[in-house]
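Listed below, chain by chain, are the residues.
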Amino acid sequence: MQTHQYDVVIVGAGGAGMRAALEASKDARTAVISKLYPTRSHTGAAQGGMAAALANVEEDNWEWHTFDTVKGGDYLVDQDAAEILAKEAIESVLDLEKMGLPFNRTPEGKIDQRRFGGHTRDHGQSAVRRACYAADRTGHMILQTLYQNCVKQEVEFYNEFYVLDLITDHDLAAEDVPEGVEVNATGVVAYDLATGEIHVFQAKAIIFATGGAGKIFKTTSNAHTLTGDGMALAYRRGLPLEDMEFFQFHPTGLAGLGILLSEAARGEGGILRNSDGERFMERYAPTIKDLAPRDIVARSMANEVREGRGAGPNKDYVLLDLTHLEPAHIDAKLPDITEFARTYLGIEPYTEPVPVYPTAHYAMGGVPTNVQGEVLRNGKDVVKGLYAAGEVACVSVHGSNRLGTNSLLDINVFGKRAGRSAAAYAKIAEFRDLPVDPTVAVVSQLDEMRNRPEGDRVSDVRRALQETMDANAQVFRTGESLNQALADIRELRKRYENVSVQDKGRLFNTDLLEAIELGFLLDIAEVTVVAAINRKESRGGHYREDFPDRDDKNYMLHTMAYRRPTAAADQAEGHVKGYFDHVEEFDGYKVVLGSKPVTQTRYEPMERKY
Amino acid sequence: MWSWVAHRVTGVLIFFFLLVHVLDTALVRVSPEAYNAVIGTYQTPIMGLGEAGLVAAIVFHAFNGLRIILVDFWAKGPKYQRVMLWVVLGLFAVTMAGFLPRHLMNVFGGGH
Amino acid sequence: MTATLEAPETKAGAIPSFEVTLRVRRYNPESEHGEESFWDEYTVTAHGTDRVLDALHKIKWEHDGSLTFRRSCAHGVCGSDAMRINGRNRLACKTLLKDVNPDKPITVEPIKGLPVVKDLVVDMEPFFASYREIMPFLITNGNEPTKERIQSPEDRARFDDTTKCILCAACTSSCPVFWTDGQYFGPAAIVNAHRFIFDSRDEGAQQRLEILNDKEGVWRCRTTFNCTEACPRGIEVTKAIQEVKRAMITRAF
Amino acid sequence: MAYGTSAVAKVDAPRSPYVRRRTTRGNYELYSWVFMRASGVVLIVLIFGHLFVNLMVGEGVHAIDFGFVAGKWANPLWQVWDLLMLWLAMIHGTNGVRTIINDYAQKDLTRGVLKSLLYLAFVIVVVLGTLVIFTFDPCPVNAPEHLIASFCPAR
Ligand SMILES: Cc1cc2nc3c(=O)[nH]c(=O)nc-3n(C[C@H](O)[C@H](O)[C@H](O)COP(=O)(O)OP(=O)(O)OC[C@H]3O[C@@H](n4cnc5c(N)ncnc54)[C@H](O)[C@@H]3O)c2cc1C
Ligand code: HEM
Ligand code: SF4
Ligand code: F3S
Ligand code: FES
Chain H
381 MQTHQYDVVI
391 VGAGGAGMRA
401 ALEASKDART
411 AVISKLYPTR
421 SHTGAAQGGM
431 AAALANVEED
441 NWEWHTFDTV
451 KGGDYLVDQD
461 AAEILAKEAI
471 ESVLDLEKMG
481 LPFNRTPEGK
491 IDQRRFGGHT
501 RDHGQSAVRR
511 ACYAADRTGH
521 MILQTLYQNC
531 VKQEVEFYNE
541 FYVLDLITDH
551 DLAAEDVPEG
561 VEVNATGVVA
571 YDLATGEIHV
581 FQAKAIIFAT
591 GGAGKIFKTT
601 SNAHTLTGDG
611 MALAYRRGLP
621 LEDMEFFQFH
631 PTGLAGLGIL
641 LSEAARGEGG
651 ILRNSDGERF
661 MERYAPTIKD
671 LAPRDIVARS
681 MANEVREGRG
691 AGPNKDYVLL
701 DLTHLEPAHI
711 DAKLPDITEF
721 ARTYLGIEPY
731 TEPVPVYPTA
741 HYAMGGVPTN
751 VQGEVLRNGK
761 DVVKGLYAAG
771 EVACVSVHGS
781 NRLGTNSLLD
791 INVFGKRAGR
801 SAAAYAKIAE
811 FRDLPVDPTV
821 AVVSQLDEMR
831 NRPEGDRVSD
841 VRRALQETMD
851 ANAQVFRTGE
861 SLNQALADIR
871 ELRKRYENVS
881 VQDKGRLFNT
891 DLLEAIELGF
901 LLDIAEVTVV
911 AAINRKESRG
921 GHYREDFPDR
931 DDKNYMLHTM
941 AYRRPTAAAD
951 QAEGHVKGYF
961 DHVEEFDGYK
971 VVLGSKPVTQ
981 TRYEPMERKY
Chain A
29 MWSWVAHRVT
39 GVLIFFFLLV
49 HVLDTALVRV
59 SPEAYNAVIG
69 TYQTPIMGLG
79 EAGLVAAIVF
89 HAFNGLRIIL
99 VDFWAKGPKY
109 QRVMLWVVLG
119 LFAVTMAGFL
129 PRHLMNVFGG
139 GH
Chain X
1172 MTATLEAPET
1182 KAGAIPSFEV
1192 TLRVRRYNPE
1202 SEHGEESFWD
1212 EYTVTAHGTD
1222 RVLDALHKIK
1232 WEHDGSLTFR
1242 RSCAHGVCGS
1252 DAMRINGRNR
1262 LACKTLLKDV
1272 NPDKPITVEP
1282 IKGLPVVKDL
1292 VVDMEPFFAS
1302 YREIMPFLIT
1312 NGNEPTKERI
1322 QSPEDRARFD
1332 DTTKCILCAA
1342 CTSSCPVFWT
1352 DGQYFGPAAI
1362 VNAHRFIFDS
1372 RDEGAQQRLE
1382 ILNDKEGVWR
1392 CRTTFNCTEA
1402 CPRGIEVTKA
1412 IQEVKRAMIT
1422 RAF
Chain Z
-7 MAYGTSAVAK
3 VDAPRSPYVR
13 RRTTRGNYEL
23 YSWVFMRASG
33 VVLIVLIFGH
43 LFVNLMVGEG
53 VHAIDFGFVA
63 GKWANPLWQV
73 WDLLMLWLAM
83 IHGTNGVRTI
93 INDYAQKDLT
103 RGVLKSLLYL
113 AFVIVVVLGT
123 LVIFTFDPCP
133 VNAPEHLIAS
143 FCPAR
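Going down the list, the protein sequences come from chains H, A, X and Z.
If you read the first sequence in the working numbering, its first letter stands for residue 381, the second for the next number, and so on.
If you read the second sequence in the working numbering, its first letter stands for residue 29, the second for the next number, and so on.
If you read the third sequence in the working numbering, its first letter stands for residue 1172, the second for the next number, and so on.
If you read the fourth sequence in the working numbering, its first letter stands for residue -7, the second for the next number, and so on.
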């Protein structure tokens, strides 16, 4: 075991983690721990763009952007946070440009902008060009640029280190800590993949930036490594997870594979068609058609297929048509994604339409934070010294459905904020004592897994989980399907107790780590399904066929899911009788649902029409 | 990559030949007899074949050298490197076709 | 508008499958083979759109959990899984089985020239060290403008190709010069230097040229084009290297 | 779905880690690179001329003898031609072989020895060649008459 001490420790080296690192390392001794080499984080997969009302190509302002974000999120957005997001967007795009990001340019040499789903002028009048982009590799350029600047600032990285535990001075999943009592985060425990050694990082401030959890689903645009680690670690310590029922399904994944074709394809003029060649989005969203927000488009597509108008031999996908676009235009604006179609499906997008189907894409929910990036342990108390940013976090700028291009924005705006807050806190805070042996939990978990002689295969359990999630908790959900998913998850939890790994070595044991990651996936799937069962309405990314309408009266609240000891009270903060009072018992613990009010400033909820 | 390997191999080959060649030519300083004796061995069929190989090496090295120079200094060079490699091989074949019959005739035919 | 021939079929059973054999070069100092590398052969069932990565996953998940390789994104954008497949460097997640002749055993080896850690995993540190050495960040002097720096679309296009690099090391580890002693900076570092040297906003070109004007720098490149052929992002690597060489010559004379 | 472990062929164990030994900046490699190209272009003319005259004109190799050489070097054009060719080819070739040694000789010692040998050979050959071209006497006094050039006074 090795011990390290840093003012600030950042977990995750994606866009959010590195943006925070650039801020924090200016004022505080900072380490970034990442299970991947930084440039391999999934931020690099983001394609389309990053929204900011620069008004470089047409009239625009941040208020319109705020409105679109709020409306896009089906009004479950915290409007104060959305305002910050839209306002600081401009500065964060300019920051990136100054750091060297090669944005595409207008003829005058300014940052070019393009259309994206849900972005409108004048509160929904017509589509607006707001997404700043670098071809269709905006995320790649952001990730590279941030890493380059980390190299410049000589940020310290611990690459291929897996953080497997968060150390706090109170374990809320085991003890009852009343509101108002101070809870501190004091460090993390990490596993060095290359050597199998355990490292303890003591820190005054810790930032979680571990990204999403798309691997709970089978069809997903997410990387194999996006297993919701940060969310699960916080959850296991009894910290709440917010709005986990809202998962975004991106309309245009390559059918059968899930690999994403950016919305930019439609932003540049691509059209969705069913087997009759009909531009079916004209029926569902007459004003902005193919550029409606993702939840609407994804549902419309799934509906076409359900009603028998799908294309292909099994009628199980629709078509994305780019054939009317100039090949030169496609090459200039969408080179990478057309390459995907060629490589993986052998389809030439110049002349043939591309088979697409919705793919699990983005977790709107996550570890709740305030706008400073501080992690909340209930509706109001923060955990001292713990911050979160990026997809792992839920500041709730995305509400129940994220607008395209708002996530790259989120990681920059709130990554920066979290970094700044953490460094400021580290200035005034002291190191706090760690438990005598901070590594027990991790070491025993690893040893147990390694030593279990024979058992279920990790991959079998994982596949079963992903399949039930795809079948029962995807674009269309019902109480019945969700309960089925929950039953399956309970079953799989039992099997997980019994999985064993074949690789018993110390060096680069990815077999072992996949087993650990499966544990995170089960946790995340469990909260997602429990929260989805409780929300008996349809809103944004969460669509209940048995409750197809939005119910602002009872559900205009954020879900807060707490893992608690079996003996704990059956009520959590934000308990609303009949609506947010669900309790789900598991072996040895239970999940208690509470709620948190939605912050509303200037936009009253309206019906969401496009 | 193979064009590079060939370039390397032919370069070294020529270099070692050059060493020997200068040394034997230096014999003209020693005496005409000595020189002629050595040169005489160049005129045997075996050496004649060797010589053909050497010329081939030089010809390839030279043309491929030009190709490399074009790759280096002509902006479109890298794009057409493969095409140019075929051109090099073509020129090589043409040159050798011009040279070999004559040379072999001199070596084997000649009637000396 | 009808569906095309090769459209994937998601329903199981409808998909044509075939058997494919992978011959994997392995190395595991903890195994009974010790410091010796060895070959393992696996035969798995694959489907039309399966990639080499899918086959490796199948092996790992269904047969031999100890088979070790890196991967993340699974669609060619993160640069984790560069490996030598049938003697050529490629990304396993971008190489369709049907494109590498699945009738014969497919050989899979770690990329060459970097120290192997375990199976297909190599130590990337020397590679990233070279990358960091060329100062891969925008260098500017003077005051920052309040808004963005202006750059014409033409100036932006000048270095577009080299911005695509995902640092997968396929190029550097395919370079015969790099294989010799591993001292050469390698094409990837030069590509990333190129990205800044030809960025009209950057003012650090002189320093970078100075760094690469090294015995182990650009001059070691012998234009063998292996890197260009290996690059999964289609970057014209050799061309970029040549442009850097020419910039150095212009500067020296 | 069969699967068999077969430790068929043994392959080399992987290499140990390394770091770049030192930075060696300077224009030396640059000049040598430019020289390789410049000399290459000139060499093409020189060598092809040489080969053509020696092997293609008249009776080819068979025509070469002492007299032939003497006849050529009586002409200052060929003297300069061959001198230039000698120098350029030797520098070009030596520099080329130097790169190759740098590439493949891993140990400093091996590299040192090989390079010393290379430079030694270079010096010997260039000095010898130059001397020969300049001090060459087309009509050695006591040589048999039939061997020497037709323009010699001895004939
Ligand atoms: C295909 C695709 C396209 C997208 N396109 C867009 C777009 O056009 N516009 C937009 O705004 N958004 C887009 N998004 C969404 C956006 O890219 C992501 O939400 C965002 O990049 C997440 O960034 P992050 O920094 O939070 O996480 P990531 O970039 O995923 O980084 C996570 C980091 O955490 C580390 N980590 C994880 N677990 C651990 C652990 N246990 N220990 C140590 N380290 C750990 C990882 O190594 C990694 O460095 C897209 C997403 C996908 C998948
Ligand atoms: C006929 C005209 C010639 C031309 C156009 C030519 C051209 C070149 C060029 C351009 C290179 C550089 C290759 C590189 O940097 O990758 C080179 C390398 C070399 N040349 Fe020549 N050359 C010629 C003649 C010769 C001769 C006569 C010799 C032998 C004495 C020779 C020996 C070499 C060697 C050993 C190399 C190094 C190869 C390597 O590093 O891979 N060349 N030549
Ligand atoms: S240049 Fe190409 S091959 Fe080389 S590291 Fe970059 S992406 Fe990989
Ligand atoms: S493979 Fe190597 S030699 Fe040059 S052209 Fe590429 S760097
Ligand atoms: S897994 Fe990301 S490039 Fe292959």
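Derived by calculation from the structure, the hints in this document are not laboratory data.
All of these numbers come straight from a predicted model, not from anything done at the bench.
Heads up, some of the hints might be wrong.
Quick list of the computed label-pair ranges, beta carbon to beta carbon [to be verified]: (1) W79/Z <-> T69/A: 48 to 56 Å; (2) A121/A <-> W1350/X: 28 to 36 Å; (3) P1324/X <-> W114/A: 33 to 41 Å.
Even for Gly, the Cβ is constructed at its ideal location relative to N, Cα and C.
Checked hints:
1. W79/Z <-> T69/A: 48 to 56 Å: For W79/Z and T69/A the Cβ distance comes to about 27 Å; the hint is violated.
2. A121/A <-> W1350/X: 28 to 36 Å: holds (31 Å)
3. P1324/X <-> W114/A: 33 to 41 Å: holds (36 Å)
The earlier numbered hint that this structure contradicts is number 1, and it is the only one.
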